[in-house]
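There are 2 protein chains.
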Amino acid sequence: MLEVRCLLRSVRFCSSAPFPRHKPSAKLSVRDALGAQNTSGERIKVQGWIRSVRSQKEVLFLHVNDGSSLESLQIVADSSLDSRELTFGSSVEIQGQLVKSPSKRQNVELKAEKIKIIGNCDAKAFPIKYKERHPLEYLRQYPHFRCRTNVLGSILRIRSEATAAIHSFFKDSGFVHIHTPIITSNDSEGAGELFQLEPSGKLKVPEENFFNVPAFLTVSGQLHLEVMSGAFTQVFTFGPTFRAENSQSRRHLAEFYMVEAEISFVNSLQDLMQVIEELFKATAMMVLSNCPEDVELCHKFIAPGQKVISFVDKAQYICCLIISYTEAVEILKQASQNFTFTPEVAAVDLLVPGVGELFGGGLREERYHFLEERLARSGLTEVYQWYLDLRRFGSVPHGGFGMGFERYLQCILGVDNIKDVIPFPRFPHSCLL
Amino acid sequence: MLEVRCLLRSVRFCSSAPFPRHKPSAKLSVRDALGAQNTSGERIKVQGWIRSVRSQKEVLFLHVNDGSSLESLQIVADSSLDSRELTFGSSVEIQGQLVKSPSKRQNVELKAEKIKIIGNCDAKAFPIKYKERHPLEYLRQYPHFRCRTNVLGSILRIRSEATAAIHSFFKDSGFVHIHTPIITSNDSEGAGELFQLEPSGKLKVPEENFFNVPAFLTVSGQLHLEVMSGAFTQVFTFGPTFRAENSQSRRHLAEFYMVEAEISFVNSLQDLMQVIEELFKATAMMVLSNCPEDVELCHKFIAPGQKVISFVDKAQYICCLIISYTEAVEILKQASQNFTFTPEVAAVDLLVPGVGELFGGGLREERYHFLEERLARSGLTEVYQWYLDLRRFGSVPHGGFGMGFERYLQCILGVDNIKDVIPFPRFPHSCLL
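Protein sequence lines, in the order shown, are assigned to chains A and B. All letters in the first sequence, in the order written, are residues 3 to 435 by this note's numbering. All letters in the second sequence, in the order written, are residues 3 to 435 by this note's numbering.
Do not take every clue at face value.
The list cannot tell twin chains apart, which means a pair is met if one copy fits it or any two copies do.
[Claimed, not checked] Capping the alpha-carbon separation at 27 Å, the derived lysine-lysine pairs in DSS-like fashion look like this:
(1) K173 / K283
(2) K126 / K59
(3) K116 / K29
(4) K29 / K173
(5) K29 / K283
(6) K59 / K113
(7) K47 / K173
(8) K29 / K47
Since the hints were derived computationally from the structure, they do not count as laboratory data. Because the structure is a prediction, the values reported are computed rather than measured.
Based on the sequences and whatever the hints tell you, model everything.
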């Protein structure tokens, strides 16, 4: 015990700087600096990349961004601190005093006392050009640099925020998160465009598979969530899914993210719809309240016109979506009075103009003999015996849905091409980096 | 606008039951029922699976579990409600009055008024047996049923909780979450055990790849996080990674989850170590405070003896780990005074007895000419030109680490075999479901 304490002390010692002579400047993110309440000349340190340079006779203005917010921090320096290396894209560390800005364009600015250049950036060779608004197609050629632009920075921050919001929503609603497998011997959507995998490099014996059976990349976690629905009444997964489709559309990717949920003891589509509605709203609200500037940028520059969700219109817009969904269900209901437990009818999709299928879901077939017969007819009884077993032992009525995460982002942000809402898009003939 | 409101009203209408004669019983999860403060005979409805049955002459006792907690809800019913179908594993819906329990073993119990059997369970054929404690190896044969046991239920709830804790930790610390790609044309760990993929089923033209280049399943998101480190100062990813290793050990899987983080403007390992320490602690604390019974079950039945983290010892245990880590760094430091920017030395691993490498991390090589020379020597200059470019334009010193998520769970829970802390384990010769 004493030994533990001694060691602990030595940790404390070595993790702080040894006997500093001056109080070191507090390191702040640009976001925190911009939001600082105390601007009475506190000494701080900021690190980031130069987004603009303006050299005047006696004063140098810089804007520094570190990805923590869309807005950059204005740096004001004596021109004696100027240098030819202070170019757009270079990385810097700046120490100085955080003060109230005399300009109305920003609340605070940093009066620089010391500017240190960390990494140069040759403006001529750099594919991102100063003060130019590059088309999204142009930026797609540079997956390693496009995150340094305002627009991709905003989209990636929003994606991160939406991801966190989805996790929070399900946790707060009592769902258990399940990591459904990526590699699977199932094919849940039946037939079609699967990626198959095998160890690379080694001498392949065609009859021998690494897993003993042919293995594929998942197209959906549904069947695995159905397994979990026999133990937990609410489960969800949020991960990558795959299609080996030879499609070059602006709505399809070979690798994309799906949010999927499965709920036990469900008898009607209404129960599912309520979760879908709440998920859609909670996520949108969280994004809108935590990244208002980022959302505004997308709406202003990417999707002007009717796709825009302005802050005033957002609730209305979301309600519209849910209503179209409800209407669709009503139509289905009218089409058949006997729709409960008839999976051909008890399924719903939410289609959004310009985006395609955003949600798809339904109640699952739970009649053992019906399933048994269908599997027998397809010669799949042996392979799916485990699925039949779920209906033999403590079966419950259950249903669920999937939401295409990239399409959700396209929908709320008005981004036309799915390749622009994922960090590293994979599609036929392209797997950059 | 009027139209929208009318439609909205119709949604409200159809989502509630039409004119109920009696106030319907509130549906509660077992967890909420167990935690209810109001036990003055409130009418509730509970759904779940029977975990135990005890028929006495005049009274029937059931325990019902719905996966929301380890503890089940005790149901007390008049024996007239008994039925041969009320067996271990069957699913039921029970309505009744929630009352204070006269027994000290539980706070509340449900006085059943109505018991509805939803799905039967043939006890003879069901591989999970009543009152039997099955070895974990036995349960592994039934990936579709093992989640219905106490121990796997607890592990999966803990896994879900730890996942949420990790997301919260990074979000609260200002990190941007990046979905690094699963399919990649890189090989970040250099050579070795990769899974290669191609569309299945179609006539393969050996020279033609779906992506134009050979494509693999990721072994690490590090390089992609390094890309993002040129725009955001703190990024992380948490997703599946893959190894096509022919290893049958209890520490290896072909598909496992990694938490990876990358931090810009980092000059010393201390900065990384601090994040590792905080991540380890914050996650463990969240798990311990939100799932105390589940953790206790693991420690009691899976890992008795020295691996146990009791609630009293937990802080100490965690400190020990961090100290071993620090010691290792100290040894590295002493081994070379000139260790900053020398990647051979500026790298650290946290090894845990019985679990193996839990964390691995380090500072990244940022010297352009050094990297250029190394790549040229390996004939990889063309393929990794993009990586070199990261050092040419606004480069910053950065570093990061990866944590094996399953090994983390093994470590805090004392679970011996990695196959028992992941819902659907994939390893050589096995890809069940």
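Verification of the hints:
1. In this assembly of identical chains, the alpha carbons of K173 and K283 lie at most 27 Å apart whether taken from the same copy (15 Å) or from different copies (20 Å).
2. Taking the shortest alpha-carbon separations for K126 and K59, only the intra-copy value of 25 Å comes in at or below 27 Å, while the best inter-copy value is 90 Å.
3. Taking the shortest Cα distances, K116 and K29 sit within 27 Å of each other inside one copy (14 Å), while across copies they are farther apart (63 Å).
4. Only between protomers do K29 and K173 lie at most 27 Å apart by alpha-carbon distance; the minimum there is 19 Å, versus 33 Å within a single protomer.
5. In the homo-oligomer, the alpha carbons of K29 and K283 lie at most 27 Å apart only across protomers (24 Å), although the nearest pairing inside one protomer, at 36 Å, exceeds that limit.
6. In this homomeric assembly, K59 and K113 come within 27 Å of each other (Cα to Cα) only inside a single copy, at 17 Å, whereas the closest approach across copies is 85 Å.
7. Only between protomers do K47 and K173 lie at most 27 Å apart by alpha-carbon distance; the minimum there is 22 Å, versus 37 Å within a single protomer.
8. Proximity of K29 and K47 under a CA criterion of 27 Å is satisfied intra-copy only: 5 Å inside one chain copy versus 54 Å between copies.
Violated hints are absent here; each numbered hint is respected by the structure.
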